[in-house]
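**Q** Each chain is listed here by its residues.
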Amino acid sequence: MSGLTFRLSTYPDERLDLSPLTPSRLAATPLAEMLRIVVGTTKRQLKVGDVFAVSGQPGDTVTIQGGSEHLDFVGAGLDRGTLILDGDAGAYAGRKMTGGELHLRGRAGAWLGSGLSGGLVTVKGSAGDHVGSTCPGDRFGMTGGIVVVEGNIGARVGEKMRRGTIIARGTAGTNAGSRMVGGTIWAEKGFGPGPGTLLRRGTLIGAKVDQMLPTFADSGSHDLVILRVFSRFLSDALGPLAPRSLSGRAHKFAGDLATIGKGEILIVS
Amino acid sequence: MTANGITIDDTFAEAFGMSATGVIITADSPKWARQAAVTMSGFGTSVIGCGAEVGIDSELKPDATPDGRPGVRVLMFGFSPEALIPQLKNRVGQCVLTSPGSACYAGVESETRIGLGAGPRFFGDGYQTAKRLGNKRYWRVPVMDGEFVIEETTGVVTDAVGGGNVLLLGNDREGLLETAEKAVAAIGRVPDVITPFPGGIVRSGSKVGSKYDGMVASTNDAFCPTLRGAAKSEVAPDTVAVLEIVIDGLTSQAVATAMKAGIDTILKDGAGKGVTRISAGNYGGKLGQHHYHLRELLP
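Line by line, the protein sequences are chains L and H.
Quick note, the first sequence lines up with residues 327 to 595 if you use the working numbering.
Quick note, the second sequence lines up with residues 92 to 390 if you use the working numbering.
Hints listed in this document are in silico derivations from the structure and should not be mistaken for laboratory results.
Predicted model, so just to flag it, every value in this text is computed and none were measured.
Take the hints with a grain of salt, since some may be wrong.
What the hints assert, rightly or not - Here are the simulated lysine to aspartate or glutamate pairs, EDC-like style, with alpha carbons at most 20 Å apart:
id: 1; chain 1: H; residue 1: LYS359; chain 2: H; residue 2: GLU387
id: 2; chain 1: L; residue 1: LYS588; chain 2: H; residue 2: GLU242
id: 3; chain 1: L; residue 1: LYS588; chain 2: H; residue 2: GLU238
id: 4; chain 1: L; residue 1: LYS588; chain 2: H; residue 2: ASP216
id: 5; chain 1: H; residue 1: LYS122; chain 2: L; residue 2: ASP549
id: 6; chain 1: H; residue 1: LYS227; chain 2: L; residue 2: GLU514
id: 7; chain 1: H; residue 1: LYS152; chain 2: L; residue 2: ASP562
id: 8; chain 1: L; residue 1: LYS588; chain 2: H; residue 2: GLU387
id: 9; chain 1: L; residue 1: LYS578; chain 2: H; residue 2: ASP360
id: 10; chain 1: L; residue 1: LYS578; chain 2: H; residue 2: GLU387
id: 11; chain 1: L; residue 1: LYS450; chain 2: L; residue 2: GLU514
Generate the whole structure from the sequences, applying the supplied hints.
**A** Given below as structure tokens:
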């Protein structure tokens with residue numbers, strides 16, 4: 327596995343845009359030119375060479391050592407290969423990703439995976455608000471791919487999400503899946519208040535809901551084959567990262583009946 | 092040629108290029124997965140009269156199906172992908188959708204796809220919902236025992252083979268049938284093939300054409316033991332019955348492997364059951380693209 331390593335040499339005192347640091351964007355870039363890539367977001371125009379020590383050769387993998395909540399857009403636009411951040415990430419990690427794998431070994435900020443359409447994002451810690459959500463100017467949030475967060479996820483995960491899968495091994499915050507039009511969000515330890523606000527289509531799966539909206543109808547307990555298909559899909563796609571297998575048993579709440587109501591919240595034990 | 096006291100004709104089976112598709116049917120138990128598969132395979136013996144040749148390829152353990160339940164793989168053969176579309180829609184719609192606890196998934200993977208859930212989903216009358224997982228899309232159709240889950244498309248191949256065959260001739264009708272059953276069972280263990288006729292066995296082999304207008308095929312009089320002496324006969328004086336095993340496969344290699352498995356079984360068990368001869372059906376080699384010479388399939 328060949329690749330480049332960017333070691334954070336100084337703690338950035340401004341927000342950095344690391345979207346240029348992906349395997350395909352660096353594939354044909356000489357080292358000298360790489361060091362001159364602007365990653366700063368102020369008029370100081372900080373360059374890669376000002377904040378990173380670079381080693382290795384361009385290849386399938388980019389590793390960033392040393393994290394900071396100021397590192398924004400890590401893996402944004404990633405289309406192939408693997409990007410590893412050995413630390414915390416700021417906002418917009420994995421934004422508009424279309425393929426490849428992004429592994430964040432710390433925490434992630436807001437808008438993780440916003441506009442994601444393909445590939446895999448994993449987060450060792452927790453993630454902020456708006457994971458997989460729509461950004462101002464976007465028509466939809468996530469439209470494909472998989473996001474796995476080992477910890478908790480903040481508010482409004484999957485807002486206007488259309489396709490794809492988001493998994494939180496912990497909890498999801500308030501208003502998860504608001505205005506969602508498709509896709510699946512699985513919060514293993516449950517949802518905060520008001521999940522599925524104006525949910526049109528799509529599936530929210532969790533152990534519990536803190537406060538169910540009155541516009542969700544109790545459809546009863548069922549054995550849903552699609553949950554078994556979902557589990558098999560995750561097992562194939564994630565391997566050892568896959569969460570536990572679902573039996574298919576779930577208590578279904580249909581909604582949001584304030585809209586077309588074709589979505590669902592499934593409470594699984 | 093003779094082996095184990097059985098004569099093997101120096102001839103060949105003549106088979107044809109076909110299109111093929113397949114589905115995996117799952118259910119709560121192997122019994123109900125098989126029930127749906129058997130129902131779907133009904134009236135699917137010959138593409139000439141049934142529109143498609145349909146049969147069970149294999150039973151699948153839970154770890155080999157998309158939903159982790161017991162399953163059965165059904166293969167369907169037809170003249171073209173276009174000809175398979177209505178057959179698939181009708182058979183799945185009437186025989187699988189209706190079967191308790193069933194679900195239906197793609198059973199052949201190829202780049203060329205045809206609709207699988209594209210028709211039956213409308214049974215949901217607007218209450219059906221879709222779930223896209225990776226590059227596959229599934230429909231969830233509400234039904235009276237829960238939900239019918241069906242994948243949107245399945246693969247179709249155009250280099251499949253239909254009409255591989257083995258003929259068994261003998262002097263004991265019951266023994267002949269018993270041997271043919273064993274051969275069909277052996278063929279059933281070969282992947283990617285079906286034997287679409289009842290129990291995998293044909294007793295009414297046909298020839299092309301008829302003395303009657305409008306009949307595209309009629310009885311294979313040369314292999315009818317009761318016509319010996321009255322018509323030009325291919326059967327020996329002690330032959331009382333002829334049975335045929337017809338094999339369709341996703342590949343030519345699969346058909347050859349299946350024929351070999353069948354012949355091996357007949358040679359092993361047949362002599363003591365009254366089998367005297369093995370032959371194969373062909374049309375002189377001018378109609379079918381695939382020729383399977385028996386001498387090349389002997390153990």
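**Q** Each of the hints needs a verdict: does it hold here or not?
**A** Comparing the hints with the structure gives:
For the given pair, H/LYS359 sits about 17 Å from H/GLU387 by alpha-carbon distance, which is consistent with the 20 Å threshold. With a C-alpha separation of about 19 Å, the suggested pair L/LYS588 and H/GLU242 falls inside the 20 Å cut-off, and the hint holds. As the CA atoms of L/LYS588 and H/GLU238 are separated by approximately 14 Å, the hinted pair is consistent with the 20 Å bound. Proposed proximity of L/LYS588 and H/ASP216 is supported: the alpha carbons are some 13 Å apart, at most 20 Å.
The hinted pair formed by H/LYS122 and L/ASP549 meets the criterion: a straight-line CA distance of about 19 Å does not exceed 20 Å. Distance hint between H/LYS227 and L/GLU514 is unfulfilled; the C-alpha atoms sit about 24 Å from each other, more than 20 Å. Straight-line distance between C-alpha atoms of H/LYS152 and L/ASP562 comes to about 17 Å, which keeps the hinted pair within the 20 Å bound. For the hint pairing L/LYS588 with H/GLU387, the CA-to-CA distance comes to about 60 Å; that exceeds 20 Å, so the pair is violated.
Distance restraint check for L/LYS578 and H/ASP360: the Cα-Cα separation of roughly 57 Å exceeds the 20 Å cut-off, and the hinted pair is therefore not satisfied. Between L/LYS578 and H/GLU387 the alpha-carbon distance is near 60 Å, which puts this suggested pair outside the 20 Å criterion. Taking the CA atoms of L/LYS450 and L/GLU514, the gap is near 15 Å; set against the 20 Å cutoff, the hint holds.
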